[in-house]
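Enquirer: If you want the building blocks of each chain, they are given just below.
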Amino acid sequence: MKWHRVWAIVIRHLYNFRHSWDRIADAFYWPTMDIFLWGLTSRYMIEQGGSLPTLAVILLSGLVYWQIVWRSQYEITTNLLEEMWSRNLVNLFATPIKLIEWVIAVVGLGLIKMAVTLGFASGLAWLLYAVNIYATGVWFVPFLASLLMTGWWVGFVVSGIIVRFGTRVQTLAWAGVYILAPFSGIFYPIAILPEWAQNLSKVLPTSYVFEGMRKVLMREAWPIRDLITSFGLNLVYLVLATWLFVSLFNKRKERGLAQLE
Amino acid sequence: MVDDVVLKVKDLTKKFGSFVAVDKISFELKKGEILGLLGPNGAGKTTTIQMLLGTLTPTSGEINYFGQDFFKHRSEILDEVNYASAYGNLPWRLTVEENLQVYARMYGVKDRRRRIDRLLNEFDVSELRHKTMDGLSAGQKTRVTLCKAFINYPKLILLDEPTASLDPDIAARVRQFLLRQQREYGVSMLFTSHNMAEVTEVCDRVIFLKAGQVIAEDTPKNLAGRVNATLEDFFLAMARKEEE
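Residue numbers (this note's numbering), protein chains in the order written: chain A, 1216 to 1476; chain B, 108 to 351.
Bound-form chain B, shown alone (with noise of 0.2 angstroms):
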């Protein structure tokens, strides 16, 4: 059903002079979903991310966000979504609270405190509340970042390697976090990561890039199928491919 995707990319192309970092990818996201973006270093997945949150201007292609078109609606649109990378950061000088409290009204929460006081529980970093940014770790770091994406309610989240700096026993914290979400609230997310154990856990299809391209679409299982082994094997196949 056309209703049921909530984000569509078509023939996205992204060109830094003579090189094509992201060469005319199409996919598509379904409300509920959530898709993973696997792909070696310099495949094109964190650009791809960027062109999705509007950070860099796509040299070609379409991007729609529940069905309108993200040039033109692009506000509206970012309204309803959120983004996390373990590499970005938060105001370094401002409190945990001072953080989300901000973020919390560039969204237009209104029940900020409460929104506020549940993901801090929820990725069990309550106490750190009053500290400021610059004092934390930077598992620390990537959970408060993790608050933030999920301060407006997002109905589409962007993860960029979200669990890549956190312990085993908060990783698999954030994944049932993650999977409740999409269990009780259908967020869809596009979830970038290299950890594969991870990817077939969380992901219900995956996309994998290589040089700019879209060289294999499926399920995690079917991928893995496709070697007869793991997803990580299938992984290392594609990734060797060409140097073989």
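Bound conformation, chain A alone (with noise of 0.2 angstroms):
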């Protein structure tokens, strides 16, 4: 492991931020208008008789955590794939860079910009609606680095799938992760979930973060154990999700990566 390389990546993706109004758009723009919608459907809500006083903090959280899971899976994707469409992939790999130094770079890469659109989305939660999505306490640190695993771990999956069936399945880097979102209850209790759907609930980590996260803003229980089948399950698809990603790279490396660009 040389940690050069791993810098080497991070900054070539920090220069493209910075050339890139489409990543700044997904860093600030998008939360933006998130905050505003949901910031202002809770408030209607509440004026309508919404019976839940927690229901702004509840609404801007489950968006704001949301935000954590998208952005580490998003950050994993979009990097593989702007070197694909910079034609960059042979280049890249023609370099002494192994495939993990890359894989943590893309990673850390998530952690900053990830930070940076969390401090952002809850400082403007803030000033617009007076709510703090740091409601949750001590607790926020055990749900982020558990929404962050999920994260990865999707990130991984699309992009060993990105790998082996090239851009025309680009799609799924930003569509993807959203086929965990109605089943992992981030505005919503599961138990309002229809029973198969509830069932399928229960093996995605996300859901246990937000059910969790209720209970704390809601103050009922501490969710220690939705906590830890969190973390478990995201360890056993983290572990999965890597393996298939590294398989199918290899894979594609039986077809040559330059197919790739």
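Keep in mind the hints are simulated off the structure, nothing from the lab.
Just so it is clear, CB atoms sit at the ideal spot from N, CA and C, and this is done for glycine as well.
Please note that a few of the clues may not be correct.
To be verified - Mimicking EDC-like on lysine to aspartate or glutamate, the simulated pairs with C-alpha atoms at most 16 angstroms apart in a straight line are:
#1 B:137 to B:324
#2 A:1328 to A:1410
#3 A:1313 to B:183
#4 B:138 to B:187
#5 B:122 to A:1476
#6 B:262 to B:111
#7 A:1313 to B:186
#8 B:238 to B:204
#9 A:1217 to B:186
#10 A:1328 to A:1469
#11 B:217 to B:186
#12 B:138 to B:118
#13 B:262 to B:135
#14 B:328 to B:311
#15 A:1217 to B:183
To be verified - Some chain A residues flagged as far from chain B (calculated, every beta-carbon gap over 10 angstroms):
#16 1223
#17 1243
#18 1305
#19 1309
#20 1338
#21 1342
#22 1353
#23 1354
#24 1356
#25 1390
#26 1406
#27 1417
#28 1440
#29 1450
Bring the two chains, given one by one in their own frames, into a single complex with the hints.
Expert: Below you can see the structure in the form of structure tokens.
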């Protein structure tokens, strides 16, 4: 492991961020729009006699927490796509870089950009609606860690599929993670889902985090069991997803990385 | 001498299903030697280079760089090797300087600023340093790619048609640069080109590939001598051999 190679990948994408309106919009524009829409929606629901006093906090926390999952998976997949769109994949993997160094770099980038987006979105929620996204207190840290892990394993699964099938499935980079959203209970309790969907939720680590988040915000219970289950599932999925990505990457090399450009 | 060999390829084969793209080719490249890899389109030149870079997994065969097995020591070996192709690209949103900074860091180059300045001057692209890659002409991109290829003071460089998009004047300057690198620093090069005059000028030795097989190997002068004409005539004779 050579950290100068990890850093080279990090600054390559930070330079790209500086020049790309797409990436800047991803980091600031879309979170702003989401916070406007959901903040106003929750305000309207409260005015209409919503019985839940913490409605705004729950909706906006759900929104910002989901950004953590989305941002961390998106960073892995779009950074791979950037190399493919730039026809730089052969140049990149003809250097001494190891796949693990690339993985660490994009995961690190995800952390940096997630911190920026999180700081921005939580600041905006406070500014516009006086909603504190960190109202879960110290619980925020394990929630954050678990959601990051989900983003990483989804990112590796999607990247593996992109490596296997090329840019014709690139829409998965934006849309892939949303398949988890309805079953994660981001804005609503899992209990309102139909039974088959509730069963599906049981194998998703995100459902435990969002349920746990609501329990803390509504001061119902400490979600230790939820967190342990969430971490356990994430760990298993992360190992499997990493194995899948490395296998599909090596399989792709049998046909040549140049074919992806 | 064994120590003089920087690249040794033995029975290298690549099959895509039933199609054999490269068929048990073997060759050696010595320190400070420029070896031309010639052949008609589809002969297996680019496939060979991709395998030598590790971006395409061979079906079978051995690749040894500097006496080390490439498949076991890929990362250490590629620290000393670099590559340029007229058909590749660099991240298009980044400026020329940013791209070179990234690759200089990738190879752990210590004197990055000085190395970048020197290469930009050498390939006459200093004035483009703050331009993004998508604003450059094909020839300018090729020259920046060549800067990238020499950023790490490589001992061995793989060049896939490096002068394909350059005008004759710039192409001549690039050839002079390559020959100077060979003469002064003993850089070894594996070189593909469709410009036979260029191959004659630059290459010490040439391997001729056809349908994935080595069908001739000699100095450009001796190969031309086989048809009592130029290397281009030899190329045409070999390429059309089967068709006749």
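Enquirer: Go through the numbered hints given earlier and state which of them the structure violates, listing their numbers in rising order.
Expert: Violated hints (numbers, rising): 2, 5, 10, 12, 16, 18, 19; every other hint is consistent with the structure.
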